[in-house]
Amino acid sequence: MKKVLTGNFAAAYGAAAARVKVIAAYPITPQTTIVEIMSEIVADGLLDADFVKVESEHSALAACIGAQATGARTFTATSAQGLALMHEMIHWAARDRLPIVLANVNRALAPGWSIWADVTDSIAQRDTGWMQMYCENNQEVFDTILMAYKIGENENVLLPTLINLDAFFLSHTSQVVDMYDQDTIDSFLPPYRPKFKLDVNDPRAFGALTSPEHYYEFSYKIQMAHQKAKEVITEVGKEFGRTFGREYGLTESYRCDDAEIVLVTYGTIAGTAKDAVDRMREKGIDVGLLKIRYFRPFPEEEVCQILKHAKKIGVIDRAVSFGHEGPFFSEIKAAMYGSNIPLYGFVAGLGGRDVSIADIESVVNYMGNNESSNLIWIGVKK
Amino acid sequence: MIEIRFHGRGGQGAVKASDILAMAAFNEGKEVQAFPFFGVERRGAPVTAFTRISDEEIRIHSYIYEPDVLVVLDPTLIGAVPITDGLKPNGKIIINTERKPETFSFPDAENPHIYTVDCSSIALKYGLGSKAAPIVNTTILGAVAKATKLVSIESIMKAIKERIPIKKQENAIAAKETFEKLDS
Amino acid sequence: MSDKKENETVDIKSANDMPPMPVSLGSMRTNKTASWRSIRPIIIEEKCKLCMICWKYCPEPAIFPTAPPTIDYDYCKGCGICIEECPFDAIISEKEGK
Chain A
50 MKKVLTGNFA AAYGAAAARV KVIAAYPITP QTTIVEIMSE IVADGLLDAD FVKVESEHSA
110 LAACIGAQAT GARTFTATSA QGLALMHEMI HWAARDRLPI VLANVNRALA PGWSIWADVT
170 DSIAQRDTGW MQMYCENNQE VFDTILMAYK IGENENVLLP TLINLDAFFL SHTSQVVDMY
230 DQDTIDSFLP PYRPKFKLDV NDPRAFGALT SPEHYYEFSY KIQMAHQKAK EVITEVGKEF
290 GRTFGREYGL TESYRCDDAE IVLVTYGTIA GTAKDAVDRM REKGIDVGLL KIRYFRPFPE
350 EEVCQILKHA KKIGVIDRAV SFGHEGPFFS EIKAAMYGSN IPLYGFVAGL GGRDVSIADI
410 ESVVNYMGNN ESSNLIWIGV KK
Chain B
191 MIEIRFHGRG GQGAVKASDI LAMAAFNEGK EVQAFPFFGV ERRGAPVTAF TRISDEEIRI
251 HSYIYEPDVL VVLDPTLIGA VPITDGLKPN GKIIINTERK PETFSFPDAE NPHIYTVDCS
311 SIALKYGLGS KAAPIVNTTI LGAVAKATKL VSIESIMKAI KERIPIKKQE NAIAAKETFE
371 KLDS
Chain C
24 MSDKKENETV DIKSANDMPP MPVSLGSMRT NKTASWRSIR PIIIEEKCKL CMICWKYCPE
84 PAIFPTAPPT IDYDYCKGCG ICIEECPFDA IISEKEGK
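Protein chains in written order, with the numbering used here: chain A, 50 to 431; chain B, 191 to 374; chain C, 24 to 121.
Extracted from the complex, chain A is given alone in its bound form (with noise of 0.2 angstroms):
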């Protein structure tokens, strides 16, 4: 069933889609409408779930991380200073291998106070153990919704995901999104059944203290369900392909094959670089998109798969690691060494502020014109 919905209605639909039985979540500009919507169905008997009121960020997720050790499935929404707040929790999340799923409006961290597009929020999650990712569209955020759950409860996985969908440019921006029925998703996406859980009848204790001897290892098992994750999240994605109709992947490659410059970008970005690389083609201009969506785990056989025959790599960061250079440039840079293909570091939209598809084509006109950089600013007013 197709329908026009935003970004955040998207999120909230996903969550209940999915038959959620926990939602605690704190509202926060321009993530609100997902908590509205969702106490809105709850409320209205349409979606058989608690809804937790809770006081701040870091009580939405303490709450979901205490409703998920019970064998729940939770969902909450949050951005920026949210995010921010949580950090502790995070940690928490991921550590003690909840599968919880975390719709995360991108927006700038203050100050300035600022209620726009930017990455800054999730990237500093990057090493929480979290997988996170990033939506293109509001049809993306839908489905991966469902797919994380499905990924993250994967036994050998038992990660929770940061799910990321740029503020206004998704979340308040409207467009048409295919619901499926509930059905099929309900074939596709079984009920969660923990192996471990908080049960009376058969109690345990959770993340107590852990000493040297064992520490090590419990981080050494984090790092492999995320190897394993990259594996899960492909055959999940295919899966989804054959039941819906959308195939997904840790990447998706845009007119690479025989690309001599290959864009590398994430989120809404992404979608007006495709079409800033069909204009390019047209006047002649070899170019290709690589669109990440999995930051973690992070993708790198596939990337270096997908760049070794290009001739020059820009990618195009809406964050940037200050003191150093853009976050995913950092990572790609990385995955591509010993490869001598030229690198471009740009970063862009930060605070908000649009990318168009001029910007894009300025991108690749700096790369014809120019040697490679680690840090080019699109766009600022110097």
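None of these hints come from the bench; they were simulated from the model. What you are looking at is a predicted structure, and each value in this text was computed from that prediction instead of being measured. All clues given are correct.
Here are the computed lysine-lysine pairs in the DSS-like style, where the Cα-Cα straight-line distance is at most 25 angstroms:
| hint | chain 1 | residue 1 | chain 2 | residue 2 |
| --- | --- | --- | --- | --- |
| 1 | B | K278 | B | K336 |
| 2 | A | K430 | C | K36 |
| 3 | A | K277 | A | K244 |
| 4 | A | K332 | B | K278 |
| 5 | C | K118 | B | K321 |
| 6 | B | K358 | A | K52 |
| 7 | B | K339 | A | K52 |
Keeping the supplied structure of chain A fixed, place chains B and C upon it in accordance with the hints.
Using the frame of chain A, we list chains B and C on its own:
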């Protein structure tokens, strides 16, 4: 893909108009995208909203810089904001005004086709808004349908009834009247 | 800090023109938030019992504890809390003109 840019003032419903147009096109099987300019909104301040309509999946996620169509809910914006920025050659400009098209001049636009209709009077006739602030966002969509032929008036009326919470019938008929009144 | 004149604007063209962090060029003396209003609260003197609840609740504050209370229309943002909280319905709302 056709790109339409709406210009209004805070409170006039430009954003709703962009949404209803998208719904109408969606009901006819098109791919659509609708969103406002994401800034701080104040009553009376200029508001810009965007709609994209296409037969193919819409992948772009940036503002509209080269619109095919402009819809002006408030003519006092002309001259106050750069309304015709980027308007494609032979672009269409639909204005809510009593004045005739010939009385408008847009020196920065290349051969624009100008359509005018007095949406304010028609809106007031059906009790939409007040004399000081008529609600023209639904009314003007009839003119948009006639001038652009992007969607049928039936689709517009259906979308209005889906998206407007009160006075559904009045809003729909007002749009129908502008559709019939507009010379295209 | 400098003495900014009312309504003076500064055209910022480059990062070099900007201070290190977002900081206002003037104080609230020059940022009259009256323009935020869509509705205007009006105190009906005959009904007012001088309880001062409106003054206590106003978040700005844009109501001062005179007899009867006075509303500072330069800063009142029209949130309507005073209208809501007055126990004697002595404050009414009017639509702000264009």
